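Those protein sequence lines, which keep their order, are chains A and B.
Under this note's numbering, the first residue of the first sequence carries the number 2, and numbering increases by one thereafter.
Under this note's numbering, the first residue of the second sequence carries the number 1436, and numbering increases by one thereafter.
No wet-lab data here; the hints were simulated from the structure.
A quick note: this is a predicted structure, and the numbers were derived from the prediction, not measured.
Backbone N, C-alpha and C fix where the C-beta goes; we use that ideal spot for every residue, glycine too.
One or more of the hints may lead you astray.
Which stretches of chain B does chain A cover? Using the computed rule of at least three CB atoms under 8 Å from a CB of chain A, they are [unchecked claim]: (1) 1523-1532; (2) 1631-1639.
Pulled from the structure, derived: some chain A residues nowhere near chain B, Cβ distances all over 10 Å [unchecked claim]: (3) Thr-22; (4) His-110; (5) Arg-170.
Okay, here's what each chain looks like letter by letter:
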Amino acid sequence: MAWARKHLLDIQSLSAEEILTVLDTARAFKAVGERAIKKVPALRGKTVVNLFVEPSTRTRISFELAAQRLTADVINFSAEASSLKKGETLKDTARNLEALNADIIVMRHSASGAPHFLARFLDASMINAGDGAHEHPTQALLDAFTIREKKGKIEGLNVTILGDILYSRVARSNIWAMTKLGARVTLCGPSTLLPRMFEQMGCRVTYNVDEAIADADIINLLRIQHERQRKTMFPSIGEYTGLFGLTQARLARTKPEALIMHPGPINRGVEIDSDIADSKRSLIIDQVTNGLAVRMAVLFLVTGGQGPQGVAA
Amino acid sequence: MNSLLVTGGRVVDPAQRLDALADVLIVDGKISAVGGSLAAKAPAQTPRFDAAGMVVCPGLIDLHAHLREPGQSAKETIASGTAAAARGGFASVVCMPNTSPAIDNAGTVALIRERAQRESKINVFVAGAITREIAGEELAPIGSLKAAGVIAITDDGHCVQNNELMRHALEYARMFDLPVMDHCQDYSIVTDGVVHEGYWSMVLGLRGWPAVGEELMVSRNILLAEMTGTPVHCQHLSSARSIQLLREAKQRGVPVSGEVCPHHFTLTDTVLAGSDKFWETDGKDIRPNGGERPRWPSYDTNFKMNPPVRSAADRAALIEGLVDGTVEIISSDHAPHCNYEKEVEFDQAPFGIVGFETELALSLMALYHSQRLSLSDVIAKFTVAPARLLRLPNKGSLRAGADGDVTIMEVDREWVFDVNGSASKSRNSPFGGWRLKGKAAATIAQGRIAWAERPEEV
């Protein structure tokens, strides 16, 4: 079990062993979260800055609560209220935060590579909470955690990711995580949002949703991201739902043990039938719970925490 | 004193098909003679430059550079930009019109020429805009620009999207025999792309700038050149199909030409993933002789330029185009930006890199040291070819009577580029720390030494 990284920037550069270290550590933290006293002193005296240059609610809240459970001090910094609007560069903003002795900066940014860029200048640990269309590493880690929890393993599973792949940081992080851990990944979505070139990332690419989900053990649905798409990408949300939406009829043709995941926020009736989202086959709420444990594990590890055995019993 | 006797060098003048040990005598700013032992012919007191062991060639011309004046002097000035060009071996540069204000009026042309007269030791030629404010909406006063001294027109940095306007620009420019150059980029398909659309744009989640966005405009320019009969010069070509389109058009007799830049024929989009990935894949043949390889991180904005560096296949096609003569000209697209402008998120960084001081070495490495082209053929792409395109009959050759512009270089000299020692005001080079082969030793413009590596010779 090894973790020697100061930053968590992406999944692409992690080894399978490092990913498993995070998952095992998260399992220990999940147990902590089930106790009456949910707080541990692992990050006491440390300062975590949530630097959300792109708006986010669920990821920020998850990181905030994770830091609090570890007894860190937390500052939330959103672009709307910040000097970034007044023309300050990201580098200057981050240096100012660091001058307050921030130990960890958790950043969400609309520009791919922004956390890699800042990590070059800062002494603090950098955790990528989503950068543009690049990666969202903690999402993939919590997805992997959830799959392992429910299926007992990841190796050998068929994982289908369905939706807008081209602009999805969740898709990229999941592709890396799942393939590194030995799953077979199938991608499916409109051809404009899923170039064939994704086969070069070690995935199967299909534009036929029934084919994509027939053998799936896990179906991970992605939201159609209106804010990232140009109007020329597909004709309408209605046509998307008709071609790719996960309906009861389609679900009936999958393996009965296939489970449904979604990083949220979900659009009921668009990418997923409302009652599927609430069904026993849906892991959507488990993902949120596990996200907290995974983010505690990441905060713990990047500040020198030593794997699952380091978590206070 | 603008007379000089350059002695004992290997004189390479592609315009005269000359490659021999000889002296070059410049008298009163003009080439007086080239030949064996000219000391006796030199007027008394003529200073000498000992070029033994060096190559002596016509003063190099870079027909694509951004000197940033007026209006952007934090990035570069005419003084600093031309100093960097002189260090790179360039006796003449053409500055692009996307300044602030744009070079779309006679007054701005006069300002630049007057400032260059005072502050530059090399020749500065001015390219005017095709359209007012480079906005692509109405023609700039091309006749007045010509009268003020521009030697070409282009909206470089931008591309005229309106085909009717481009057609009329070509027809109108023809009255003045003014070369028309175009930065080929179809905005509707490139949209907000920042890097080559391919494997690395996919993996890194960066917006793709597809090669077809260039190729559409190269095709458009070829068709309009054919229709109007006016030559069109396609700037900084980056893709394999652009080269193929140019090759086919030339075979048909269409009056088109093209240029490429060293970064496009040296690098690939793998650089965006960081130095390790580049050196183990597309960069593995760049320095077979070993040495310390420079390192850089992923998402390094010094690798953000427009058009972007593309795939290994594109790079190979650019070199093939240079080798078979489809592409006659090499330029730098020297595009300085301040550190604080480049030290931002990749999406937000401006496009462009400085290039004057690394251009010659990178070209010699990719074409001459790789044994793909003779030294004379490489030098032609910096001398006779751009001089012909720009209608500069007294440049690009060492013929008697030509302007006394001479570049002296050591083609086998190995050196490491120290970006912090650059004469440019800006530091945005992706080649800092690179071990290069081939270097200018002195640059002479109109008989005066504009720069020499050994300071006692200035």
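Quick rundown of the hints versus the structure:
Check result for the stretch 1523-1532 of chain B against chain A: violated, 0 residues qualifying (beta carbon to beta carbon below 8 Å, three or more required). Using a Cβ-Cβ cut-off of 8 Å, 5 residues of the stretch 1631-1639 of chain B lie near chain A, which meets the minimum of three, so the contact claim holds. With a closest Cβ-Cβ approach of about 23 Å to chain B, Thr-22(A) is found to remain outside the 10 Å limit, as its non-interface label requires. For His-110(A), the shortest C-beta to C-beta distance to chain B comes to about 7 Å, within the 10 Å cut-off, and the non-interface label is violated.
Its closest Cβ contact with chain B, about 6 Å, brings Arg-170(A) to no more than 10 Å, contrary to its assignment away from the interface.
Going through the hint list in order, the structure does not satisfy hints 1, 4 and 5.
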